[in-house]
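A.B. asks: Spelled out, the chains give:
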Amino acid sequence: REREGARDITNMSQQAANGVPCRGKVLTLDNMNPNVRRVEYAVRGAIVQRAGQIEKELKEGVKKPFTEVIKANIGDAHAMGQKPISFLRQVLALCSYPELLEDNKFPEDAKHRARRILEACGGHSIGAYSASQGIECVRQDVARYIEKRDGGIPSNPDNIYLSTGASDAIVTMLKLLVCGEGRDRTGVMISIPQYPLYSAALADLGAVQISYYLDEDKCWSLDVAELKRAVDAARQHCNPRVLCIINPGNPTGQVQSRQCIEDVIRFAKEEHLFLMADEVYQDNVYAEGCKFHSFKKVLFEMGPAYSSTVEMASFHSTSKCYMGECGFRGGYMEVINMDPEVKAQLTKLVSVRLCPPVPGQALLDLVVNPPQPDEPSYNTFMKERTAVLAALAEKARLTEQIFNEVPGVTCNPVQGAMYTFPRIALPQKAIDKAKEEGQVPDMFYCMRLLEEEGICLVPGSGFGQREGTFHFRMTILPPTEKLKIVLQKISDFHVRFTQEFS
Amino acid sequence: MAVVLPCVRGAIIPQSFQSQTLSQPLSSLSATRRGLPKEKMSENGVLSRAKVLTIDTMNPTVKKVEYAVRGPIVLRAVELERELSEGMKKPFSEVIKANIGDAHAMGQQPITFFRQVLALCSYPELLNDSTFPEDAKSRARRILQSCGGNSMGSYTASQGIDSVRQDVARYIERRDGGVPCDPDDIYLTTGASDGIVTMLKLLVCGEGATRTGVMISIPQYPLYSAALAELGAVQINYYLNEEKCWSMDISELQRALDEARRHCNPRALCVINPGNPTGQVQSRQCIEDVIRFAANERLLLMADEVYQDNVYAEGCQFHSFKKVLFEMGPEYSDTVELVSFHSTSKCYMGECGFRGGYMEIINMDDEVKAQLTKLVSVRLCPPVPGQALMDLVVNPPQPGEPSHDNFIKERTATLSALAEKAKLTEQVLNTIQGISCNPVQGAMYSFPRITIPEKAIQEAMDKGQEPDMFYCMKMLEETGICLVPGSGFGQTDGTYHFRMTILPPTDKLTILLNKVKEFHQKFTQQYS
Chain A
1 REREGARDIT NMSQQAANGV PCRGKVLTLD NMNPNVRRVE YAVRGAIVQR
51 AGQIEKELKE GVKKPFTEVI KANIGDAHAM GQKPISFLRQ VLALCSYPEL
101 LEDNKFPEDA KHRARRILEA CGGHSIGAYS ASQGIECVRQ DVARYIEKRD
151 GGIPSNPDNI YLSTGASDAI VTMLKLLVCG EGRDRTGVMI SIPQYPLYSA
201 ALADLGAVQI SYYLDEDKCW SLDVAELKRA VDAARQHCNP RVLCIINPGN
251 PTGQVQSRQC IEDVIRFAKE EHLFLMADEV YQDNVYAEGC KFHSFKKVLF
301 EMGPAYSSTV EMASFHSTSK CYMGECGFRG GYMEVINMDP EVKAQLTKLV
351 SVRLCPPVPG QALLDLVVNP PQPDEPSYNT FMKERTAVLA ALAEKARLTE
401 QIFNEVPGVT CNPVQGAMYT FPRIALPQKA IDKAKEEGQV PDMFYCMRLL
451 EEEGICLVPG SGFGQREGTF HFRMTILPPT EKLKIVLQKI SDFHVRFTQE
501 FS
Chain B
1 MAVVLPCVRG AIIPQSFQSQ TLSQPLSSLS ATRRGLPKEK MSENGVLSRA
51 KVLTIDTMNP TVKKVEYAVR GPIVLRAVEL ERELSEGMKK PFSEVIKANI
101 GDAHAMGQQP ITFFRQVLAL CSYPELLNDS TFPEDAKSRA RRILQSCGGN
151 SMGSYTASQG IDSVRQDVAR YIERRDGGVP CDPDDIYLTT GASDGIVTML
201 KLLVCGEGAT RTGVMISIPQ YPLYSAALAE LGAVQINYYL NEEKCWSMDI
251 SELQRALDEA RRHCNPRALC VINPGNPTGQ VQSRQCIEDV IRFAANERLL
301 LMADEVYQDN VYAEGCQFHS FKKVLFEMGP EYSDTVELVS FHSTSKCYMG
351 ECGFRGGYME IINMDDEVKA QLTKLVSVRL CPPVPGQALM DLVVNPPQPG
401 EPSHDNFIKE RTATLSALAE KAKLTEQVLN TIQGISCNPV QGAMYSFPRI
451 TIPEKAIQEA MDKGQEPDMF YCMKMLEETG ICLVPGSGFG QTDGTYHFRM
501 TILPPTDKLT ILLNKVKEFH QKFTQQYS
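Same order as they appear, the protein sequences are chains A and B.
The opening position of the first sequence corresponds to residue 1 in UniProt numbering, with each subsequent residue numbered one higher.
The opening position of the second sequence corresponds to residue 1 in UniProt numbering, with each subsequent residue numbered one higher.
Here chain B stands alone, though its shape is the one from the complex (with noise of 0.2 Å):
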């Protein structure tokens, strides 16, 4: 057959040349780009074709995609890992991951609540267990009773559970002192990341001059630039003030869409708050100028908000979007259009696995809507067990219910950690020389400066790599630390950071930071 075979394909291929020679430009008959089969000789002399599907012919869009967070640097500290357990010699004896905010994977314990509830739902026998507490069985009941066939295993409808998506109203309407939400402009997502996806997916149109442009803050959350990498949308770049501890300046906002204007058509802006990697942490008035700028320029505004409850800095409060919206009366809060995002992945529950979350739509066009319901309903479902998640975070145990004190116990004891890991950090990193880091007020990452000796530089150059991912890198193999390079976010020309998180317990960041303090010097004398 082996043998059969060419013939058989060299019979085909000329003809499918012919078809097109007829009826095309010969300009335009580029075998390759057509992804006709390409002809080449294997060693035994047969011919034998590319592959249909080569880094030549695969979507351009999904080339130009890059995510930091799990790109090279983690990719080589799994392999570290499987170097270390197989018995490879290594100057440390684990890999510390801080290169992204998973909370459970550094400890952190799961909220029992919430994971007595999802046992419940999954071996609904356990019902008739004495052992679960009684409201911990009813949140249970509920979530089952508005499952088809009262299983978690059903199939759910496209936008979520309606009750989930009541509570989730009910929420944010106590969140934002009575500004009402509507269960009908929710939407539950597989995670906050989808929901940005979805939207942004909806928003991209037009060619050229005419393509859709997006801001988004430098630093960055890079699912921000690889969504629009992916969906070919204009990425516009606004830099955050590191000098005013990463604040956010509207007259940065206008040079940004000003430049922008002349080639592409901005139509929204993305705003991440409590920021990723950056952690600052928002003030009503910025938020509030952040609004008139939309309105005055049109754009859709999307709040990325799933650091809500972690705020950590004395005299820092969270401000929703929404409710600094809805506060500056009818004439923006009945025409902004605003999405927010919140996850079941980040504040004080931590479940990332889970991919829970939902989105909240404002002001959006009823047709568009329409559209955006069909667009979720090619997917089915977030998952049923995240929705189930996220009722519970938007519905936690109250006063006066079995639950509600060791609730509480578990949440401050989380948050407070957390708090007091932040200032350790920024203390830490402050004493080292050449690390400059803003106070982390709120999410879970510090974004320190660092100084990279000119040799470094060179040298991280003659190799390929950038300053940052050279530094990160060598630190890695080092030390075992596993960081993100700010060359990942996006940062000012010439300045070099480093994203990493907060959230190992204390006494080992303590030793992470010390270790990180030693590599810096030791690199720095290294290359002076």
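Bound-form chain A, shown alone (with noise of 0.2 Å):
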């Protein structure tokens, strides 16, 4: 490297010799970052770029087997015509544009709520920067949301750092815990399958990705036998010192158990690791007996013993849940039993982008602080909220019932989240033929299913599976008569393909 770097030095002095420019890139594959070459995340990869390429070529009048390009491959609730709550527009309206305060046709609760907004904002606008760590008002309500949600224990507004969606406090946290070199770099636990940001950010801080495999058999739990093996086969090569679960699950859509939860604290504690607990999906349960648990809860009801050393991150999000509103990229993370020298570091280092998104900042505190039941948008709050997850409950039991009747495509229960993550037997041709393509089968499987029915889905690979499994990932989100088309053109392609290559 150091002849290499030699051998540069002297190419330029030369050229800056001789006056005459250089003809080669300054900026090549070759020599720019290799950490962010090795990135990868599926849900916006290959397969969505050719759904987009195919959505132009429709719209130029191309001819296809289909009309429309259905994007099942991620998780976007309102593109997929989910409506926004209103309380919540009508708010950030308001925020906008605070002229409309004078206009009668808002509600009194929603123009309080945007008065109380405003006046956290520096000069009462919302286009101020604002506090890096988020408006202390909003991260009051944030931190009262949490006791509420956990019975009563204590969550300190400090605590809270809001974020530009929960991938930006996701990424933050991670950056702030990796160092060490070779044998002693940072490693990340971080389930099998994943949700891609994971292995995304570990890939470009150049962080140890330790893989520990969700038991498919299982309902997709997670086994402490397997965190153990995990984590034991990596001390070999690494320094084990985060553990991040996602709950509800991504992509797989599982819902932790209580003594799942307390078991997975334990461990961490046992094999001191920090925990990051990925809980954006919080509000999406839908499984009969199934309940979501926070890790912060159980970390409490557990006692001091744990609750008073075990280091943890929870992250939040206003994009999922009943609101689906991702395009505001709004967040929120609460930081436990850290370090104070570390939050200091934290707060200098989120202080550098001076602040998430103001707009997304309020939306999320009328997430936490929703319409109360003697407010004037509390009915129509509730009936849209209770609208969205019944709705999503029905889709959830759909896409499993309707999954599990076609011959060689098994489905677990959507206990939560927003997702399925079925197992299709792939033919031993179809995978010799996607190998000739060089591709991998369940990228080939998508890849066709795209091009003869539109219909845009993730392969499993791109969020990691067991060798020789195949899956892939679909959201639920579809309204339900859609979701019936598309889960039955699923259905049938997959038996025309599993035909073709048999």
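Calculated directly from the structure, the hints in this document are not laboratory data.
It is possible that part of the hints are untrue.
Listed next, the in silico DSS-like pairs over lysine-lysine satisfying Cα-Cα at most 25 Å (straight line) [claimed, not checked]:
#1 K83/A / K383/A
#2 K374/B / K175/A
#3 K175/A / K51/B
#4 K348/A / K137/B
#5 K374/B / K56/A
#6 K137/B / K175/A
#7 K369/B / K348/A
#8 K83/A / K51/B
#9 K369/B / K25/A
#10 K374/B / K25/A
#11 K374/B / K105/A
#12 K201/B / K64/B
#13 K201/B / K175/A
#14 K343/A / K517/B
#15 K25/A / K323/B
#16 K175/A / K64/B
#17 K297/A / K51/B
Computed, partial: chain A to chain B, Cβ under 8 Å [unchecked claim]:
#18 L27
#19 P34
#20 P84
#21 Q90
#22 L92
#23 L100
#24 L197
#25 F274
#26 E325
#27 F328
Note that the coordinates shown come from a computational prediction; the quantities given were computed from them, not determined experimentally.
Idealized CB from N, CA, C, for every residue including glycine.
If you follow the hints, you should be able to join the two separate chains into one complex; please do so.
C.D. replies: The following block contains the structure:
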């Protein structure tokens, strides 16, 4: 490397001497950041790019066996037709254009919230920067929300950091944690299948990814023995310091039992791991008998031996649940038992980016502090919220049911979140054909589905899966009638595909 | 349970130690560095472990990050505000945060048209409201139609909404007198900061003497030094010439580069024009020289042009790097790799909270561009309200549209007030003995040089503070005025400065400048 550098330097001084500009680019694939090159993010990967192309082709009048592309690759509720919650949008309109506060078309509670948010903004404008950690009164509301959710366990607004979607906070926490070189390099445990933000961030940071496998046969549950296996194996070549959990699961849709969460916390303590709990789907629990338990609540119920020692960060967002407000990039994290010096470093680090988008902060405030029973917007709010969640529950059931009727497709119950991650049996001939084309077999499958039916899914390989098994992730978000059509089309395709390669 | 656990731990730790001892040389066996459980006794005699994440075991590059614009002085300002609200007596009744270019916080009113469209986009039921002008409604409809499900709540393409990128491209073409711009070269961002950090991240590689070096001006906007520290890139300082109104000098660039080549691999040159914190506006000739320098020395150019509408001084004009590049002919315009950044936060809009922005990439390698597109996709998309706002900035009301007159009136009022405040600031500061201030040709700040008496420097050093930090802290405590010390931006050794925004309303700014004057005189006397 040093020799290369020396050569580089000679090159440059020669150019400088004769003044002729060099023809090669300064920045090429070979001399760009190698970590960035290693980043992969399947949710918006090759298949989604192809879907975009097909949409353009359709618009240009190219004939296809379908009339529209259905993007079931991403949990993007509004894009799938879900309507925004009126109250949230009323307040945002009021905050954007405060002249509307004089308008009697808006309910009083919406105006009241808008005034409160504006008063907390510099110059009473959402165009001012906020504190880098987020607007103080929003952080207070978040803390109260967490306390209510967790049955009174205290939450300190100083431990709340608002963020640009949950992704931003997750990357920031990982960044804070990564250090060491070689065998000392920080290792981070993530589930397989995982949400690829994690693997992408770890690649970007040059951290070591430690994979632990969820048990597909037990409804994608988490098994502490598997965690132990993974951490022990990893200790041979890196320094495991972090355990990431997604609950409810993405892409797998499982909802963790209270017992399981307790076991995980105990494991994290014993193995001296920092816990990162991705809880952005906390309102998305559909299955009978399942309930969302926050890691924080369970941690505190385990008593001070745990609650005063285990370091944890929990993440939430405005993008999922019943809101589905992805475009606003609102979110927060709560840090627990974080070393005060490290916390100061975190505060410094987030200050470089100035502040999370203020409309997203305002939206988050409304999510954690929605209309109350005695307020004028309460009934409409509850009606809209319940309708969204009930429809999702129905679609979760429907999806599982229809997929399980297809020979060669097995689908765990969608207990929560917004996705199904069914296992698909691929004929050997198809696997061979995919390999011939240099594709992962489930990518080959999903590409075919996209070309033939206009349905855009993400292959399981983008999330990770056990060797030799194949899956895809599909959102359950399309409106029920459309979802039925999508499920039918996929079922038909699967049968056709299986026949073709048998 | 609390009693049992230490035993459980006790059983585990030696095991993991053993497994290491077997496969690792003894010299590398540092429990702390490995982040392994460090045991210590707590008062009840129970073994308790150190935290997983401590100042010693966190990311060392994050520790090196510094960002003075929101540093200790601002933290103290916030404390003072709280103390005031709790009724504590202070020699002032309010804290004036002149540390940051935050126009709305300083009382600037948002542009009506922008906010009308944003309200319509947020709550489309208002499209039926007759009180909104038709042009605002048609913009809102157009933006919503390009959002998934006609909602700002949907994710957009990671590069940004197609139609917004098209509007940005047309804006750039208009601005640059017809030099073509391809919407595929536009990436919408979360404020300009996000674009800048992303580009730097893309660039950084190598180790030791081949590690990427990035040239930044001194004084600089500390986002650059912070990003470089975090990425572990080498910062290469080139000094602006304070005597020549903070102008940029090619021989200084050459000096800095030649020195840096001995220990790193310089690959990028960052320029802020109009300057932050220094307020200079670069001449066309200077830009041409810089471009030629970058071409000769094989540097990627990063042009931070977020203050492009903020030009006040007689005879100064904003020239975009792209325009000059293309006017220099294909020898340059086909080869020099350039990235230019813009934002919704500055100019006449001052909409910082929305985190809107874009970058245009020119002559970027196709494979690298694909990598950039992939990289930004991980963060899904920039905030959609910020994208919508960006669209309005690059495509404002046109003559003949109902909102045009009012828009122009508001825009002109803001920009002419800024021009007046730029003059006022320079004028008043230059009346103070021991302060000299270059003309604020553009941007939003003055960066005057201050003479600090030797005794004050001594006292600062005794306290372990930079002398200008000591000065600014004192000013904050005595007057409630929050400035950023020059050391946060970098300055020639032995010189001292502060950065102050010119954003407060004129009457308030006058009071503020007079308070600075009084303070400086008192301070100078006290330490003479």
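A.B. asks: Tell me the hint numbers this structure goes against, listed in increasing order.
C.D. replies: 4, 6, 7, 8, 11 and 14
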